[in-house]
Amino acid sequence: MAVNADTVPAVGTQSHPYDVLIIGAGVVGAMVARFLARYALDILWIEKEADICTGASSANSALIHGGYAAQPGTLKAEMNVKGNPMWDHLAAELDFSFERCGTYVVAVGEDERAELAVLAARGKANGVPVTLITGEEMRRREPQVNAATSGALYCPVGGICDPWGATLAAAENAVQNGVALKRRTRFEDFLWERPPTALPRIVGVGANAGDVYTRWVVNAAGLYADTVMHKAGVRPSFTVTPRRGEYYVLDRNQFALDKVIFPVPGKISKGILVTTTVHGNTIIGPNAEEIDDRTDTAVTKAGMHEVWDGALKLVPGLTQRAIIALFAGLRPGGNAPTLNPSVDYQKDFVIEIPTTVQGLVNLGGIESPGLTAAPAIALRVIELLREAGEGLRERPGWSPRRSGRPVFRHLSRKQQARLVAEDARYGRIICRCEFVTEGEIVAEIHAPIPADTYDAIKRRTWLGTGRCQGAFDMPRVVDILARELGQAPEEISKKGGSSTMLTRRTKDL
Amino acid sequence: MKQTYEVIVIGSGPGGLAAAIGAKRAGAEDVLILERDVELGGILLQCIHNGFGVELFGEDLPGPTYAQRYIDETRALGIASLLDTMVLDVTRERKVIAASAQGRILELQADAIVLAMGCRERTRAQIRIPGTRPAGVYTAGTAQRWVNVEGYMPGEHVVILGSGDIGMIMARRLTFEGAQVARVLEVMPYLTGLTRNYVQCLLDFDIPLQLRHTVRRILGRERVEAVEAVAVDEHWKPISGTEELIACDTLLLSVGLIPENELSEKAGVRLDPVTGGPYVDDSYQTSIPGIFAAGNVVHVYDLVDWVTEAGLIAGQRAAHYAQGIGPPLAVGTVPLLAGAGVRYVVPHTLNPERLAAAAVRLQMRVTEPIEQPVWIQVYDGERLVDQHAARYARPGEMVNLTLAPRVYDQVRQAEALLVSVAPR
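Chains as they are written, first to last, in this note's numbering: chain G, 35 to 543; chain R, 5 to 428.
Source of the hints: derived by calculation from the structure; they are not laboratory data. The reader is advised that the hints may include incorrect statements.
Unchecked claim - The calculated PhoX-like cross-link candidates involving lysine-lysine, where the alpha carbons are at most 20 Å apart (straight line), are: (1) LYS99/R to LYS335/G; (2) LYS116/G to LYS381/G; (3) LYS301/G to LYS381/G; (4) LYS335/G to LYS347/G; (5) LYS241/R to LYS448/G; (6) LYS216/G to LYS158/G.
Note that the structure is a prediction, hence the values are computed from the model and not measured.
Generate coordinates for the entire structure from the input sequences, incorporating the hints supplied.
As structure tokens, then:
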């Protein structure tokens with residue numbers, strides 16, 4: 035189906051409102067869009083950035099958590115445990131990378147070993163399969179761990195995924211099923227109807243691109259979820275505190291580890307881990323630093339030291355020579371107490387239809403294990419809408435499947451030869467480290483959600499992520515983007531806005 | 005198309021072109037160059053400044069002119085080449101797999117291979133500069149391609165980190181094109197590029213160079229807005245109180261080059277952790293018989309002339325290998341080791357029988373600058389085998405030492421040769 039994501043059909047007026055408007059195109063927004071697209075609803079999905087998946091969902095540990103770490107009785111635990119088993123089917127239907135490789139929590143030294151039992155008990159309470167293994171067994175399974183490893187907790191259902199790939203796949207499936215996605219569209223305020231005898235009702239949103247009418251709004255605004263809530267006048271005491279986590283990416287030629295290794299968790303996070311990725315690179319991180327600025331993804335000297343020291347504790351053989359990239363992500367930490375009064379926990383997810391306004395589905399504080407939980411959260415949103423009286427009839431022609439596009443480096447030589455013979459652009463390697471071809475880049479530019487910036491290409495193809503960090507591909511990608519989009523090279527940006535890569539032609543003063 | 009060749013050369017920069025010519029001149033019938041870009045010449049094509057060919061031709065040529073001489077010669081010699089063709093894999097058995105934008109995956113067999121993939125630039129992550137990740141942070145070589153090949157400006161207000169040659173050359177080039185180059189920062193207490201580039205590219209254009217300074221942070225969300233520069237002490241630790249915000253829209257990095265050996269590693273070629281390139285003998289043969297390497301893939305050169313010279317030798321010896329001639333391998337070879345003040349020596353081993361026939365050039369980088377007359381000395385244990393005088397020794401400038409046939413006897417008897425540098 036030829037659907038352009040950025041074209042909006044003539045709905046959204048007062049007389050013909052959308053049924054649902056989703057704010058935010060992170061993984062939660064994408065899963066909500068994807069699962070809601072099953073139903074005969076007019077759905078508008080807005081994202082303030084130039085592309086989907088640029089906030090919390092874009093920079094994290096890429097883990098599908100087992101669910102032993104979340105406190106029993108919380109929404110976090112429930113959504114984690116419900117979300118985890120959904121990923122195999124989801125990855126098969128939506129064609130993205132996911133590996134249920136199992137995860138380890140490694141105790142170093144005798145003091146930490148007691149903590150493993152606490153985690154194991156939590157796992158049991160949450161219904162998550164976990165086993166305790168000896169330090170010796172851990173070192174046998176992974177000889178690179180610290181020699182002082184005293185024991186480990188193994189969770190066979192933990193896994194890894196490609197968070198960009200998963201978000202894109204879900205988003206594309208939503209768009210193919212008729213969801214209208216508008217990027218570069220910023221929520222500003224709600225439009226209201228205030229009946230004298232009933233609760234105030236949200237009837238639309240004001241955005242930078244104008245007013246849009248809708249019957250429901252789903253707040254999936256991530257780092258800005260509190261701002262959206264407060265504009266709706268709900269949960270005035272809810273705040274999102276960005277918690278920054280810094281990471282290193284290692285060259286897979288220089289360091290390889292095929293496991294997910296957590297430390298014994300600290301007070302505010304699961305600690306600095308050493309983990310493999312679906313791309314085969316090891317990543318280490320994150321630290322956890324509460325900051326004020328919701329856009330500040332800068333890496334810091336102090337953070338880099340902290341991450342390195344933390345990783346060395348687990349895997350002492352790491353060498354800095356192997357580092358090929360640094361990045362930082364922000365977790366949207368909330369402060370919502372768990373609904374169940376018998377559970378003392380102040381950082382739970384918010385998944386609700388608030389009782390003080392009509393027309394809002396409110397999601398907030400979706401930090402880790404938010405990626406794991408996202409599909410379960412989407413199903414809960416559907417339940418909430420049904421409970422609120424929405425019929426949700428199935429959309430005729432709805433398809434749960436989305437196919438990825440060819441990835442040259444994943445093909446056998448024979449398949450490569452066939453692909454290159456069909457389309458010679460797949461024979462032109464643009465990224466020399468990751469072997470990404472022109473064919474793949476062009477396919478992404480013309481995909482259902484067009485990649486129209488350098489970073490959008492990078493996230494979709496994995497180009498520029500290797501040891502040269504784009505030094506070779508950048509001029510070539512700018513050239514291809516300009517050609518395919520019919521723009522001048524100096525209009526091509528890294529990530530939208532004023533992030534243009536070039537300033538002018540030479541001689542053109 | 006043809007699938008077997010006597011010599012396949014991977015890369016068509018100066019090392020690759022020379023290797024192909026060397027092989028053909030030595031009698032190889034079938035020589036093939038594989039080049040990933042759309043024309044022959046490699047990085048020389050974006051080096052439109054002069055300074056090439058002074059040693060070999062006694063002429064001061066721009067890069068493309070220098071390249072063209074060798075491109076013309078490959079044509080005159082009838083050397084085949086495939087452009088827009090990227091090698092994906094090389095095996096120990098000298099099989100070469102490549103993707104071609106002409107719509108094929110090629111599987112070729114060579115009797116001998118010359119690796120000439122050149123080098124890549126060290127990145128921001130490798131030197132771990134903190135801060136944001138906006139547009140406008142580029143390696144100097146990427147900027148050079150944009151300006152000189154594509155005809156676009158990467159920015160208008162530029163800070164350059166690193167006093168490598170490409171960085172200094174781009175400081176001048178961007179100035180010519182109307183950009184403001186605020187400063188060049190170098191973390192080391194000395195220049196890492198050539199002195200002539202400092203004089204011609206920075207001094208002549210009043211572009212300040214600050215030694216023992218680095219970038220501590222990059223600022224800006226979408227495009228670079230500023231960098232925070234800071235002085236460092238002798239342990240590279242920032243000196244607090246010296247921080248300075250420099251407003252700019254671009255940060256160029258010229259912080260070192262790394263030989264590009266992912267293909268060599270796939271073939272199983274052993275690499276020297278100091279150079280980042282293969283261990284090579286005086287024929288530029290790697291640890292795998294029949295696989296040779298030439299140019300910046302072996303170690304980072306400062307002058308193209310020496311790359312050409314190495315390529316010619318590697319190509320000739322590759323042809324000899326393909327033809328089954330040449331001295332026996334690794335028999336009686338003498339290791340060449342870095343001694344005091346020397347970071348590395350290339351080649352890594354010397355076959356004395358070669359020395360009997362002709363002089364052999366040794367090339368090395370020193371660890372620290374010595375700004376006074378020096379001896380470059382070759383020792384066999386305590387015994388001085390040979391020494392050459394130089395006016396100074398600087399890490400940014402490769403040191404050459406030619407061993408003459410007259411030291412053949414001494415070399416033949418040596419277990420290993422140690423090369424060192426000392427003030428005269």
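Verification of the hints:
no., hint, in the structure
1, LYS99/R to LYS335/G, "45 Å, violated"
2, LYS116/G to LYS381/G, "19 Å, holds"
3, LYS301/G to LYS381/G, "12 Å, holds"
4, LYS335/G to LYS347/G, "19 Å, holds"
5, LYS241/R to LYS448/G, "53 Å, violated"
6, LYS216/G to LYS158/G, "43 Å, violated"
Hint compliance for this structure: hints 1, 5 and 6 are broken, all remaining hints hold.
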